[in-house]
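**Student:** Here are the chains, one letter per residue:
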Amino acid sequence: MRRRLPPAARLPVVSALAVSALAAWVLGTVPARAAVGLPQMDFANPLTTSQVVWGALIFVVLYVLLSRGALPKVASVLEERARTIGADLDAAKQAKLEADAAAEEVARATREAQASSAAQVAQAAAAAKAAAEAEAARATAVLEAQLAEAEARIQAARASAMAALHDVAMETTEALAGRLIGHVPDRSVVNAAVGAALAARKA
Amino acid sequence: MATTIDVMGQFKLTTALGPVGASVNFTQSNLTMVVICALILALLHLGMAPRAVVPGRLQAAAEMLYGFVHRMCIDQIGEEGKAFFPFIFTLFSFILFGNLFGLVPYQFTITSHLAITAGLAVFVIVLATFVGLRTHGLHFFSYFLPEGLPIFLAPLIVAVEVISYLSRPISLSFRLFANMMAGHVVFEVFASFMVAMAASLGAIGYVMAVGPFALDVAMTGFELLVAALQAYVFAVLACMYLHDAVHLH
Chain A
1 MRRRLPPAAR
11 LPVVSALAVS
21 ALAAWVLGTV
31 PARAAVGLPQ
41 MDFANPLTTS
51 QVVWGALIFV
61 VLYVLLSRGA
71 LPKVASVLEE
81 RARTIGADLD
91 AAKQAKLEAD
101 AAAEEVARAT
111 REAQASSAAQ
121 VAQAAAAAKA
131 AAEAEAARAT
141 AVLEAQLAEA
151 EARIQAARAS
161 AMAALHDVAM
171 ETTEALAGRL
181 IGHVPDRSVV
191 NAAVGAALAA
201 RKA
Chain B
1001 MATTIDVMGQ
1011 FKLTTALGPV
1021 GASVNFTQSN
1031 LTMVVICALI
1041 LALLHLGMAP
1051 RAVVPGRLQA
1061 AAEMLYGFVH
1071 RMCIDQIGEE
1081 GKAFFPFIFT
1091 LFSFILFGNL
1101 FGLVPYQFTI
1111 TSHLAITAGL
1121 AVFVIVLATF
1131 VGLRTHGLHF
1141 FSYFLPEGLP
1151 IFLAPLIVAV
1161 EVISYLSRPI
1171 SLSFRLFANM
1181 MAGHVVFEVF
1191 ASFMVAMAAS
1201 LGAIGYVMAV
1211 GPFALDVAMT
1221 GFELLVAALQ
1231 AYVFAVLACM
1241 YLHDAVHLH
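Residue numbers (the working numbering), protein chains in the order written: chain A, 1 to 203; chain B, 1001 to 1249.
One or more of the hints may lead you astray.
Unchecked claim - Taking CB as the label site, the calculated pair distances span:
{"id": "1", "chain 1": "B", "residue 1": "Val-1158", "chain 2": "A", "residue 2": "Ala-92", "range": "55 to 61 Å"}
{"id": "2", "chain 1": "B", "residue 1": "Glu-1079", "chain 2": "A", "residue 2": "Thr-110", "range": "52 to 58 Å"}
{"id": "3", "chain 1": "A", "residue 1": "Leu-89", "chain 2": "B", "residue 2": "Tyr-1165", "range": "45 to 51 Å"}
{"id": "4", "chain 1": "A", "residue 1": "Ala-87", "chain 2": "B", "residue 2": "Thr-1135", "range": "34 to 40 Å"}
{"id": "5", "chain 1": "A", "residue 1": "Arg-81", "chain 2": "B", "residue 2": "Val-1186", "range": "39 to 45 Å"}
{"id": "6", "chain 1": "A", "residue 1": "Leu-89", "chain 2": "B", "residue 2": "Ile-1170", "range": "49 to 55 Å"}
{"id": "7", "chain 1": "B", "residue 1": "Ser-1167", "chain 2": "A", "residue 2": "Ala-87", "range": "26 to 32 Å"}
{"id": "8", "chain 1": "B", "residue 1": "Glu-1079", "chain 2": "A", "residue 2": "Ala-113", "range": "55 to 61 Å"}
{"id": "9", "chain 1": "A", "residue 1": "Arg-81", "chain 2": "B", "residue 2": "Met-1208", "range": "51 to 57 Å"}
{"id": "10", "chain 1": "A", "residue 1": "Ala-87", "chain 2": "B", "residue 2": "Ala-1228", "range": "32 to 38 Å"}
{"id": "11", "chain 1": "B", "residue 1": "Val-1186", "chain 2": "A", "residue 2": "Val-60", "range": "42 to 48 Å"}
{"id": "12", "chain 1": "B", "residue 1": "Gly-1018", "chain 2": "A", "residue 2": "Val-60", "range": "45 to 51 Å"}
{"id": "13", "chain 1": "B", "residue 1": "Gly-1221", "chain 2": "A", "residue 2": "Ala-87", "range": "58 to 64 Å"}
No lab work stands behind these hints: they were computed from the structure. Beta carbons: idealized from backbone N, C-alpha and C, even for Gly.
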């Protein structure tokens, strides 16, 4: 993208070229004596130096064409690629941020749903427990009432049975005594004896 | 048996483009350079034409070349290296394509000529010196006198530093030139063996010529490495010299 060399480098290029050309010219004017065998060392041949002069010209043309045309073209493509890749990376980074935020949102919603469902479960469990306890208390009360009633009935039956026992025992005693001693003892005696015997049993 | 092995003939300069080229001493070396420049420009312009975000093969190649040199500039020179990037890219691609194009059979190798590599090397050193002088002014010459040096050593060290600085273009140019020339000489030697065997030994010679041919094939792979490596070495050293000029060590 650099269309021209910075000034710091431009002047030395020109000056150095001039000095080099001068050096080549001086070298070319030195009569060559060691020009045996090697065509490269044949400085007497004008072509040996003329190729350098033409070469310098061609080199400069190549330098100008490269530095003004070809190299900036390559640089612009490389820069464009770096820009494209940079923009793509930025977009990817942005997308990742958004994806992360969405994932965080999902996680948060999941946590909230879990918390609320746990609360509902606990509430339902407490309600069910309370209902069960109430039902159990009611059943217990009914059963206790029935139990108390049954006990009262048993007491009553027992009392009436005990009352009847005294009469039966007196009659039996009178019958037995009549058979054993031939006559029926006095009712009050029998009554006292049965009462004492029953009291002894009870004790 | 007049088969002489002329391995140096391939480096001989001739004029190109007929009488017009001959009148201005335009050599086949320069014609090759024009072809190379066309190839470089074609790679970049045709490769980058789709301007695709996901590059195809040619675009990937063009971008890889660009990115490679760009990274090299910044790694070696620092942030200031961006200013020299077009120059280093021109230098690297010119040498790389010159080296590779020389591996195409019957094509001239521009970097096998010392005059060309020396021209490039001298230009690099002169450029680095000008950059140093422009960046630091006369303070640039402190480059030749490392800090904390005992003063009585100064004459010796300064002489050594100046010689080493001035020998940079020599080593730079000879390294590239010698590598490329040596490779092509070896190619030519093996190829001459093939021709000589076939010419002198008949049918057996044709069979035996498979040996040098196989060596040339293997050498081609090796020379591909050398071509890329030497272009890289030249460009990296140019970057390091520019680094020294910008940063003074």
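**Student:** Are the hints correct? Go through all of them and say.
**Tutor:** Structure-based check of each hint:
1. B:Val-1158 - A:Ala-92: 55 to 61 Å: 60 Å, holds
2. B:Glu-1079 - A:Thr-110: 52 to 58 Å: Distance hint for B:Glu-1079, A:Thr-110 holds at roughly 54 Å.
3. A:Leu-89 - B:Tyr-1165: 45 to 51 Å: 48 Å, holds
4. A:Ala-87 - B:Thr-1135: 34 to 40 Å: With a Cβ separation near 38 Å, A:Ala-87 and B:Thr-1135 satisfy 34 to 40 Å, so the hint holds.
5. A:Arg-81 - B:Val-1186: 39 to 45 Å: Roughly 43 Å apart at Cβ, these two residues keep to the hinted range, so it holds.
6. A:Leu-89 - B:Ile-1170: 49 to 55 Å: 50 Å, holds
7. B:Ser-1167 - A:Ala-87: 26 to 32 Å: The hinted range 26 to 32 Å is violated for B:Ser-1167 and A:Ala-87, with Cβ atoms some 52 Å apart.
8. B:Glu-1079 - A:Ala-113: 55 to 61 Å: 59 Å, holds
9. A:Arg-81 - B:Met-1208: 51 to 57 Å: Since A:Arg-81 and B:Met-1208 have Cβ atoms about 55 Å apart, the given range 51 to 57 Å holds.
10. A:Ala-87 - B:Ala-1228: 32 to 38 Å: Distance hint for A:Ala-87, B:Ala-1228 holds at roughly 36 Å.
11. B:Val-1186 - A:Val-60: 42 to 48 Å: For B:Val-1186 and A:Val-60 the Cβ distance comes to about 33 Å; the hint is violated.
12. B:Gly-1018 - A:Val-60: 45 to 51 Å: Once the Cβ atoms are compared, 25 Å apart, the range 45 to 51 Å for A:Val-60 and B:Gly-1018 is violated.
13. B:Gly-1221 - A:Ala-87: 58 to 64 Å: For B:Gly-1221 and A:Ala-87 the Cβ distance comes to about 44 Å; the hint is violated.
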